[in-house]
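*Asks:* Sequence:
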Amino acid sequence: MIQSKMTDTFYPQIASVFKDKNNCRKFINIVSKYIDSNTERLSTTGPVKKILFTYSDRNSVYDLTGVSEKNIEMVAKQIKELSRGVNASNPFNILLFLMIRYFRINKLEAERKSANIYLILSMYPSIHAKYFKFEPNENIMSFTVNSLSNKYKIKQQGTLLATLVDMVEIADNHYKNIITRGNDKDIADYISAVKTRLNQFMKNITTEFMKQHASGRYLNYDTDNEDPDNFSVADNNSLVIDRISTSVSTNLAVKGPDQKSVMLSAKMNKISVNDLRSTMNSICRDKVNRPKIREIISCILYEFLFTGQYSEQDIYDMKFTLYSSVIYKRSNTTRSNIVRIKNILDFWIKEYSSIYKKSNLVSTLNQFRRAIFMFFIFTIQQTK
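With this note's numbering applied, the sequence shown corresponds to residues 2 to 385, in that order.
Calculated from the structure, these hints are not laboratory results.
Note that the coordinates shown come from a computational prediction; the quantities given were computed from them, not determined experimentally.
Virtual Cβ for every residue (Gly too), placed ideally from N, Cα, C.
Incorrect hints may appear among the rest.
[Unchecked claim] Pairs of lysine-lysine, PhoX-like flavour, derived with a Cα cap of 25 Å:
1) Lys268 / Lys330
2) Lys134 / Lys212
3) Lys268 / Lys320
[Stated by the list, open to error] Restraint-style ranges between C-beta atoms, simulated for each label pair:
4) Ala215 / Lys22: 51 to 61 Å
5) Val363 / Ser127: 51 to 61 Å
6) Lys34 / Arg336: 36 to 46 Å
With the hints as constraints, model all of the structure from the sequences given.
*Replies:* Structure, rendered in C-alpha cells:
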C-alpha cells in the first residue's frame, strides 16, 4: 500500500490556513515581492545573473503556514520515497507541493501559479551555480539565445522568468493527477520532475553558450560603437525600450494586470471597470498575446523617446501621459508605430471584449480601445 504520511500529517494545516482568503493574498504578495526585487535579473534573455533565495524567503512561507521546517524533516526521514534525494526531501519543496495540491484541488489559479513559480525559483540558484561558477557574459548569452531555433523555450518566451514560468506550468499540467492524489511517492516524483526539467534547460543553454564562446562569433556590443556622438543616445533609448517592454510584458504574464491601472483607465473612459478587468485578464492570460504586448509597449516607447525626443526620466512624468494621449488622437496618421498600436488594440477588443461582441458599436470600440491604451501607459509608468 502506498502511504500518504506527509499529506496526512501536514495537509490539514495547509487547508486550514488557506481557507482564509487573506492568507492567500499574503502568499501571492510574498511571491510578487520576491519577483519584484529580482525583476532585472529575471528579465534577461538567458540565465545570466546569479539570484539568491535566502532563509528569509523561505521563512516567510513557513511563518504564514505555521508549518515547521524541522517537523517536515522529521517526517521525511521516515519515508523511503522522500529520502532518495536532496530535492525530494527538501522541506521547503515538500511544503510548496502541499500548497500546490490545495490550490489545485480548490481551483485557486493565481495561488497555484504563485506556488509553482516560487518552487522553481527556489531551485534555480543552486542549478545556476552548478553550470556557471561565475556569471556568464551577457553579450555572449544574448547572441547564444538569438542564434537558437524556435524549438527552444527561451527563444519562444523571450525572458528567463517567462521561460521558468512556462516550464513549471507544463510540469504542473502533466502531473496534475498525481498532485491531486498526493501520496508520498507523488510528492517525490513531482519535485524531481521540476528539478529535472530545470537542470536539462540549464544544461542545454550552457552547451550552446560554450559553443558560441569557443567560436568567437558572438557580438560584443561594448566594442561596436564606432561613433559615440551619433549613436550613444539611440543605443541607450533602444536598451530602455527593450528593458521596459520586457519587464512589463513579463510582469503582466506572471502577475496579471494591475487593478489600480484597470480602474483608473476604465473611469477615465467611462466604461465598466469589471468589463475592462475581464478583458485585460483574458489578454494577459493568453500566451499568444505575449509578443503583441511586448510590441505595443515598444511602439509606444519608440514614439515617445525617438519621435518625441524625450528622455527615459520623462516616462515617469506627466509628459509621457500627455504626449501618448496626443499620438492616440491622430486618426489619419500613416506613422507605422501608431497604426500598429491601433491594429493590435482593435484585434484585442474584437477577440476578448464580451461587451463589444454584444453591441458591436463603433462608440464601444473607441472607448475600449482608448481604455486599453491608457492601461498600458499607466502600467509602463509603474515599471522602473
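*Asks:* Please go over all the hints and tell whether each is borne out by the structure.
*Replies:* Each hint tested on the structure:
1. Lys268 / Lys330: holds, 18 Å
2. Lys134 / Lys212: holds, 17 Å
3. Lys268 / Lys320: Given that 25 Å is the threshold and the Cα spacing comes to 21 Å, the pair holds.
4. Ala215 / Lys22: 51 to 61 Å: Since alanine 215 and lysine 22 have Cβ atoms about 54 Å apart, the given range 51 to 61 Å holds.
5. Val363 / Ser127: 51 to 61 Å: holds, 56 Å
6. Lys34 / Arg336: 36 to 46 Å: Because 39 Å falls inside the window, the suggested range holds.
In summary, this structure violates none of the numbered hints.
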